[in-house]
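Take these sequences, add in the hints, and give me the full structure.
There are 2 protein chains.
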Amino acid sequence: MSLIATTPKPPYYAVIFTSLRTEDDEGYGEMANRMLELAVQQEGFLGVESAREDVGITVSYWSDLESIKRWKQHGEHREAQRLGRQTWYSSFKTRIAKVERDYGI
Amino acid sequence: MSLIATTPKPPYYAVIFTSLRTEDDEGYGEMANRMLELAVQQEGFLGVESAREDVGITVSYWSDLESIKRWKQHGEHREAQRLGRQTWYSSFKTRIAKVERDYGI
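The listed protein sequences correspond, in order, to chains A and B.
Residue 57 in UniProt numbering sits at position 57 of the first sequence; the count goes up by one each step and never skips.
Residue 29 in UniProt numbering sits at position 29 of the second sequence; the count goes up by one each step and never skips.
Hints in this document: simulated from the structure, not taken from any laboratory.
Among these hints, one or two may not hold up.
You can't tell identical chains apart in this list, so a pair holds if it fits in one copy or across any two.
Said to hold, decoys possible - The list that follows gives simulated cross-link-like pairs (lysine-lysine, DSS-like), each with its CA atoms no further than 25 Å apart:
1. LYS9 x LYS98
2. LYS69 x LYS98
3. LYS9 x LYS69
4. LYS98 x LYS72
Just so you know, these numbers come straight off a predicted model, no measurement behind them.
See below:
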């Protein structure tokens with residue numbers, strides 16, 4: 001997977017997930033890998049970019065809102081979200097945004 | 001500045017800047033700090049989140065497209081963009097997106 005997502009011509013959607021971690025690492029890495037593995041298989045998935053320093057930022061890209069909703073409701077992902085709220089994240093914010101324009105080199 | 005941006009109720013805008021760095025660090029840190037210092041002073045600026053590992057992701061939040069356009073055209077910022085393309089980034093992508101919904105803990 002490329003580090004900068006290769007996305008189609010806009011419009012498409014971005015889910016910006018910004019988080020602060022707790023010190024509880026148990027199961028976190030495995031779950032993060034599993035969620036990535038699953039996400040890329042979902043209908044409408046376009047790509048993902050991720051980095052963590054003091055704060056973690058993961059931006060996933062999707063073709064439409066319906067795909068984002070389906071992924072949010074996916075069984076294993078729901079369990080990951082539950083554990084995230086309960087154990088791994090002290091704070092997080094999820095933002096759903098419509099990409100209207102992009103450019104780069 | 002808080003690590004997770006405190007943003008108002010949507011809609012508002014996100015500029016997702018994803019980049020890969022070259023090995024040329026000269027002037028980069030100072031310029032990054034100066035751009036942050038300037039950005040927070042701009043009309044319409046709402047907040048920023050940033051992390052870099054293999055890839056760097058900086059998401060800045062803005063009240064409207066006009067503010068984003070003004071910031072892009074700001075004199076010192078234009079010079080930073082020029083140096084970024086020429087020296088500091090081997091690759092980057094900028095995405096302008098309208099945040100339609102958000103939630104978190």
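Against the structure, the hints come out as follows:
| no. | hint | in the structure |
| --- | --- | --- |
| 1 | LYS9 x LYS98 | both (12 Å within a copy, 16 Å between copies) |
| 2 | LYS69 x LYS98 | both (14 Å within a copy, 17 Å between copies) |
| 3 | LYS9 x LYS69 | both (22 Å within a copy, 20 Å between copies) |
| 4 | LYS98 x LYS72 | both (17 Å within a copy, 20 Å between copies) |
Of the hints listed earlier, there is not a single one the structure fails to meet.
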